[in-house]
Amino acid sequence: MDAVLQIIVTGLYLGAMYALASVGLALVYGTMGMFNMSHGLFMTVGAYAAYAACQNWGLPLPLGLLLGILAGGLAGTLLHVFVVRNILDADDFETIIMVATAGVAILLQDIILKQFGAYPFKQPIQLEGAFKIGNVAITYQSVLILVIAGILISAMAWLLAFTRFGRAIRATAMNREAAQLMGVRTERIYLQVMAISGVLAAAAGILISSLAGLSPALGDNPLIRAFIICVVAGLGSVTGAGFCAVAFGIVEAAIGYYLGVRFGLPLMLAVVILVLIIKPAGLFGQREIVRS
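Just so you know, our numbering puts 250 at position 235 of the sequence shown, and the rest follows in order with no gaps.
Treat the hints as calculated values from the structure; they're not laboratory data.
The beta-carbon is built from N, C-alpha and C at its ideal position, and this holds for glycine as well.
Any given hint might turn out to be false.
Estimated spans, in silico, between C-beta atoms of each pair [what the hints assert, rightly or not]:
1) 227 with 196: 43 to 51 angstroms
2) 98 with 275: 34 to 42 angstroms
3) 135 with 273: 25 to 33 angstroms
4) 174 with 296: 24 to 32 angstroms
5) 148 with 100: 32 to 40 angstroms
6) 196 with 236: 17 to 25 angstroms
7) 236 with 146: 39 to 47 angstroms
8) 228 with 77: 16 to 24 angstroms
9) 149 with 284: 28 to 36 angstroms
10) 128 with 298: 33 to 41 angstroms
11) 292 with 135: 33 to 41 angstroms
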């Protein structure tokens, strides 16, 4: 029972971080039909912004966390203003945007490397200490991860399901031209979706760096996992990405406990192949996404 409880606890906070990373990616794809290759750098930007706010500027940890999250939202906004909106109507948008955002990711990573160096840092946004349930030690940091991820994911779920803004996002995702005819300002929706994606990614980066440390390549591995989760859930399925993220977190924790951490990612890739063979659209996916 102690082993099962440890796996569940570890899986839940891993799944919470994966959900933050993958839900934003799924939201952008579902709304705009684009795969953002710089999504992992949003995580890195948020993590380093939080580090700089607390370590260099001496701000309190909650304020540093908030500034880091806002930095991710700003990164998403700037990416849309200077890159995405200028090629939205291109004939081969899906391919062009992958190349463009990959270039932005390389540029941002190089800037971070020159500014902070390659030496890893410890993320100051941490809670020390732990408590026990039976023989299983649960750190306060893992509880913090669950709380922050739960608040952000719940807020986004409420926003999409129960607000006029959420209905506008769903309408834009279904058909851009029809949404425009109904009075939806799709350009503003795209901008806001990119900002939300940046906020979620930055939060994921801050939480991941609190466990793994800070480095310019921080977002590379989470981006791969987020992409895997989105493919299994179905590209564009925000709800599916959330559920699959938690499931993958628990499965990865179990694999790490019984087989070793190094087997986690290869087995996740094997699951992707299996899902694509059985259900190419993903477990929760739609067959087609129409941008215009």
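- Message: Which constraints among the numbered hints does this structure fail? Numbers only, ascending.
- Response: 5, 6, 7
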